[in-house]
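2 protein chains.
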Amino acid sequence: MKKTQSASFKYSPKNYKKNTFKSPGREKTAEKKLRIIPLGGQEEVGRNMTIFEYGQDIVILDMGLQFPEEDMPGVDYIVPDTSYLKGKEKNIRGVILSHGHLDHIGAAPILLKELNYPPVIGRNLTLAMVKHKMEDYEKNSSKFLKNIVINSVSDKIRLGAFRAEFFDIEHSIMDAVGVVLRTPEETVIHPGDWTLEENPMDRQPLSYEKLSGLPRPTILMLESLGATETKKRPDEKEMYANLEKIIDSAEGKVIIGTFSSQIKRIGQILEYAQKTGKKVALDGYSMKMNIEIAKKLGYIKISPQTLISINDIHKYPDHQLIIICTGAQGEGNAVLSRIVNDSHHYIKIRKKDTIIFSSSVIPGNERTIQRLKDNLYRKCDNVIHTEIMNVHTSGHSTASDIQKVIKQIKPDYFLPVYANHYFLKEAVKLATNIGFPKDKIFVLDNGSVIEFDKNQATVLPKKVKTDYVFIDGLGVGDVGQVVLRDRQMLSSDGMFVITVIIDSKTKEIVGHIQVTSRGFIFVKENFDLVNATKNVVKKVIKERTSPDMSINWNYVKNNIREAVGSFLYQKTQRRPMVLPVVIEV
Amino acid sequence: MKKTQSASFKYSPKNYKKNTFKSPGREKTAEKKLRIIPLGGQEEVGRNMTIFEYGQDIVILDMGLQFPEEDMPGVDYIVPDTSYLKGKEKNIRGVILSHGHLDHIGAAPILLKELNYPPVIGRNLTLAMVKHKMEDYEKNSSKFLKNIVINSVSDKIRLGAFRAEFFDIEHSIMDAVGVVLRTPEETVIHPGDWTLEENPMDRQPLSYEKLSGLPRPTILMLESLGATETKKRPDEKEMYANLEKIIDSAEGKVIIGTFSSQIKRIGQILEYAQKTGKKVALDGYSMKMNIEIAKKLGYIKISPQTLISINDIHKYPDHQLIIICTGAQGEGNAVLSRIVNDSHHYIKIRKKDTIIFSSSVIPGNERTIQRLKDNLYRKCDNVIHTEIMNVHTSGHSTASDIQKVIKQIKPDYFLPVYANHYFLKEAVKLATNIGFPKDKIFVLDNGSVIEFDKNQATVLPKKVKTDYVFIDGLGVGDVGQVVLRDRQMLSSDGMFVITVIIDSKTKEIVGHIQVTSRGFIFVKENFDLVNATKNVVKKVIKERTSPDMSINWNYVKNNIREAVGSFLYQKTQRRPMVLPVVIEV
Chain Z
1027 MKKTQSASFK
1037 YSPKNYKKNT
1047 FKSPGREKTA
1057 EKKLRIIPLG
1067 GQEEVGRNMT
1077 IFEYGQDIVI
1087 LDMGLQFPEE
1097 DMPGVDYIVP
1107 DTSYLKGKEK
1117 NIRGVILSHG
1127 HLDHIGAAPI
1137 LLKELNYPPV
1147 IGRNLTLAMV
1157 KHKMEDYEKN
1167 SSKFLKNIVI
1177 NSVSDKIRLG
1187 AFRAEFFDIE
1197 HSIMDAVGVV
1207 LRTPEETVIH
1217 PGDWTLEENP
1227 MDRQPLSYEK
1237 LSGLPRPTIL
1247 MLESLGATET
1257 KKRPDEKEMY
1267 ANLEKIIDSA
1277 EGKVIIGTFS
1287 SQIKRIGQIL
1297 EYAQKTGKKV
1307 ALDGYSMKMN
1317 IEIAKKLGYI
1327 KISPQTLISI
1337 NDIHKYPDHQ
1347 LIIICTGAQG
1357 EGNAVLSRIV
1367 NDSHHYIKIR
1377 KKDTIIFSSS
1387 VIPGNERTIQ
1397 RLKDNLYRKC
1407 DNVIHTEIMN
1417 VHTSGHSTAS
1427 DIQKVIKQIK
1437 PDYFLPVYAN
1447 HYFLKEAVKL
1457 ATNIGFPKDK
1467 IFVLDNGSVI
1477 EFDKNQATVL
1487 PKKVKTDYVF
1497 IDGLGVGDVG
1507 QVVLRDRQML
1517 SSDGMFVITV
1527 IIDSKTKEIV
1537 GHIQVTSRGF
1547 IFVKENFDLV
1557 NATKNVVKKV
1567 IKERTSPDMS
1577 INWNYVKNNI
1587 REAVGSFLYQ
1597 KTQRRPMVLP
1607 VVIEV
Chain S
1027 MKKTQSASFK
1037 YSPKNYKKNT
1047 FKSPGREKTA
1057 EKKLRIIPLG
1067 GQEEVGRNMT
1077 IFEYGQDIVI
1087 LDMGLQFPEE
1097 DMPGVDYIVP
1107 DTSYLKGKEK
1117 NIRGVILSHG
1127 HLDHIGAAPI
1137 LLKELNYPPV
1147 IGRNLTLAMV
1157 KHKMEDYEKN
1167 SSKFLKNIVI
1177 NSVSDKIRLG
1187 AFRAEFFDIE
1197 HSIMDAVGVV
1207 LRTPEETVIH
1217 PGDWTLEENP
1227 MDRQPLSYEK
1237 LSGLPRPTIL
1247 MLESLGATET
1257 KKRPDEKEMY
1267 ANLEKIIDSA
1277 EGKVIIGTFS
1287 SQIKRIGQIL
1297 EYAQKTGKKV
1307 ALDGYSMKMN
1317 IEIAKKLGYI
1327 KISPQTLISI
1337 NDIHKYPDHQ
1347 LIIICTGAQG
1357 EGNAVLSRIV
1367 NDSHHYIKIR
1377 KKDTIIFSSS
1387 VIPGNERTIQ
1397 RLKDNLYRKC
1407 DNVIHTEIMN
1417 VHTSGHSTAS
1427 DIQKVIKQIK
1437 PDYFLPVYAN
1447 HYFLKEAVKL
1457 ATNIGFPKDK
1467 IFVLDNGSVI
1477 EFDKNQATVL
1487 PKKVKTDYVF
1497 IDGLGVGDVG
1507 QVVLRDRQML
1517 SSDGMFVITV
1527 IIDSKTKEIV
1537 GHIQVTSRGF
1547 IFVKENFDLV
1557 NATKNVVKKV
1567 IKERTSPDMS
1577 INWNYVKNNI
1587 REAVGSFLYQ
1597 KTQRRPMVLP
1607 VVIEV
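Protein chains in written order, with the numbering used here: chain Z, 1027 to 1611; chain S, 1027 to 1611.
Okay, chain Z solo, but in the shape it has when bound (with noise of 0.2 Å):
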């Protein structure tokens, strides 16, 4: 972190104290009510990312980016709309970071800049993590990056008239941190991303009783994910466990799948390595860069000895090596698919060699995973999965924690959040199951505007925006529905294009009419289809000109357009997009 010091400034609890609270912020005036606005994180997950406005100041919480949906092709990602704050950006004392995952601090790099780059607050990790993401992005763009640093859960921060303070929580990526955000009247309490760890491996499980004693009314914001999450979470402890029976048992060499934000967990693993002799490489460019993130800040002690380089990994004896790497999702250029591929400079899979998924499965990519797995399955004599023993923890709650926690803060208010709507709903059922009053609990949508006065809270009727803003390649926000509705429509049925050439005089066709079609069918097998097309845009050419008037050519090409979509249709039943070019010479 040294190198960024220069750039950021820090509030420690000391200055804080001399502080002491008091600020113009302080003393209420009539206009002063907090309001809380969710960008997004309310409907889907991912691009969480939360607005807290009281009077002339603005707090957010987290900056992350949604990935894409199957009816948005060719999209990178999505980030939150932040029109709302177009105009208030001096407004904004902070940005409040969770924790180093993508779906918290991945639309940082885009909307720190949109936003006048407003100072950033965090934990080690989260920091060292988004100024690597926005060197990433933009070259040299970190030097703009306003540091506050979370030393301590001690440490408290003036943001205008907020206060923000912190706690501990368990989540499955180093440095997550809780967030307590006061007004002058309201205390907010939002534990980011969180889990319940029954059986901690190294630390002992955690309460949240402490903060049912905070100035009310108190407004608990919950992640709730794990809504209808019935069955016991599987045990830490025992995971662990099973990780290292099966590296110590394993014959040839052990190659390990997981999430690059898995931080935590690959520590682990390479502190287990250390311990038991065995050499350990990394693959992948994210996983390879947190990793080294976190060895720099010191929260991952390894030797070189043990951590090698991949190019290195045939100077060691199979049994003795550890592969860790991502691709346990079936992304199509990550490391497992190379390997599974053949086309792994480095990696190949053994019969004797074992393979561990410890790693869940992101909604949409069952698919994928399950050819991935096939085609291991076929290589391996030993892939293991969460279907098969207990060799990953998800970092999120179940529904029992849920209710714990509810019990154990007991707060005046609660909003379930960062969960899609119908987990919100369960979440809401299992705060009334446990007597939680139904008039205290609010489902906010992404832009809904909630806002507290005299112990009141209301949903104010209209709603702020918050499109999606697509990010593909260089443009965001570029790509918007009618260019998606087009690549929906070319992935389905192809194009066809059709080019004629117009004597302007005689508005006779010069030459011959052209066909350009791809994924619709294979035009060099299928010449009669278009020469029979080509007889359809004649007809109609003939039909709808004539030497002596002018041509509004856009009715003609429309013209074109219909005969032709419903002349492939009627042989095909296939709906390309047909794209007449029609030039007058």
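Don't take each hint at face value.
Because identical chains cannot be distinguished in the list, a pair is counted as satisfied if it fits within a single copy or across any two copies.
[As the list claims (entries may be wrong)] Below, in silico cross-link-like pairs of lysine-lysine (BS3-like), each with a Cα-Cα straight-line distance of 27 Å or less:
1. Lys1466 <-> Lys1377
2. Lys1258 <-> Lys1488
3. Lys1489 <-> Lys1378
4. Lys1182 <-> Lys1322
5. Lys1378 <-> Lys1455
6. Lys1597 <-> Lys1165
7. Lys1116 <-> Lys1139
8. Lys1583 <-> Lys1550
None of these hints come from the bench; they were simulated from the model.
For this one, chain Z is given, so just place chain S on it according to the hints.
For chain S alone, kept in the frame of chain Z given last:
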């Protein structure tokens, strides 16, 4: 079935006994070895089809279709590749269909035609469904259907040298049947898709023990989709009790989304509705058809007072109504989606209605279903799915069921089938874990040929051809890998057509260069980029042509494609398909 009697012929057990299984086929000659060749169903789910060959006699089991993967845009479905059977059509003694699900009969309309309509063997409902599918595919084609009806599991059917016998199995559709296929030497046992219901609704639990007494060697081909399912199967009786309780206590109407193939369950619900004075309306083409067929055959007995038309639901109070419909997989145009989008003519959701997802999630549909649930939760307070309550039981077995059946049948050979490769491999583990000899287990791929001879089994070194045969609109097999690759490319970054007219004498550009682009950028908002690209094209043409030389226009077009492609990538980091059209006039 009466209508088809004329075109069908029938073996009764009585006929069979007279025949006493003597025929030239029974005399063993040196060449006559049993070969089993799965054409589909061994690598992915769907397009299940297996060839059994003995001398000059061929029997086929099932003709299923497979739904396309995500990388097959625009494909309607996939059928098995029957190249191996070309020229052997006259040897096909019969096609046995184990049950009426699409992954077992869906390819029949296409393949029966291709194979000159061999006789089709199945129980009533299965055959009626095939007949219906044939008519759907091609009007009047079902007159070619040659039915051999299995009236009872004691029926025995001679199919050349093969002798087919049958046994009862449990599955989620009526008239599913297990098959015993005997050659003079071997006995193949194939239950098709199956499950073991421990606590069935209205019948005795099944046991396969009597199959252990069949002539040896016996070869068990066992559908193994449940090979990693270690949880106890939800109980059928409990499921019906839950459904009935929900129906009884519902304040508004009850909407049940399920598969159109869940004929058994729909029948049960209809009967319960009749008993309790409710009205049921069905919606969804295939569901209405399937129930119509089942009613005609007498499998569902329901009065017209109970089963009402969807257009008539307004005549009854909401609390009296049950609507059973398709679309629980979130399919865009299916009934549930139309209901939730308020575009259904007759059904409007109200908050107090109840919506039940009585279905499982087909891998690949997770996100679409999540979205559907999100939208339903917004409109309705009572959405019930398997995450919340047992309202669906699968038609497939569990891991322990697989072991139970192996122990009951005690086969000499074990061939796990009809599932993804990795499930087949897991089924191998299940078998060896209960002591089954590993060298008597064979995991076949699509196209593998296994040959049995003198109690020895050999997988031949060469596989038969089993390409994907894509059905897209009217085309059978005309969409190949080239077309699919183009569709993928078009869908991810769209296309960019450049039309240039060249004066054949001067080699100069006539008029303006035209750009037609879709799915790439919104051209109207990007004039600068389009103009800059036109300049790139001009430059290439100037450099690569001169008035005096004869031009290789393909070479020039390739140059345009490359120059424009890299220019656009540099400006946008997107790679649209660039298509230059150059016309000399």
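Results of checking the hints against the structure:
1. Lys1466 <-> Lys1377: between (58 Å within a copy, 20 Å between copies)
2. Lys1258 <-> Lys1488: neither (40 Å within a copy, 48 Å between copies)
3. Lys1489 <-> Lys1378: For Lys1489 and Lys1378, the Cα distance is within 27 Å only across copies (26 Å; inside one copy 58 Å).
4. Lys1182 <-> Lys1322: Classified as within; 26 Å inside a copy, 75 Å across copies.
5. Lys1378 <-> Lys1455: Answer is between: at 15 Å across copies they meet the 27 Å cutoff, but 49 Å inside does not.
6. Lys1597 <-> Lys1165: between (53 Å within a copy, 17 Å between copies)
7. Lys1116 <-> Lys1139: For Lys1116 and Lys1139, only the intra-copy Cα distance (13 Å) is at most 27 Å; the inter-copy one is 72 Å.
8. Lys1583 <-> Lys1550: both (25 Å within a copy, 18 Å between copies)
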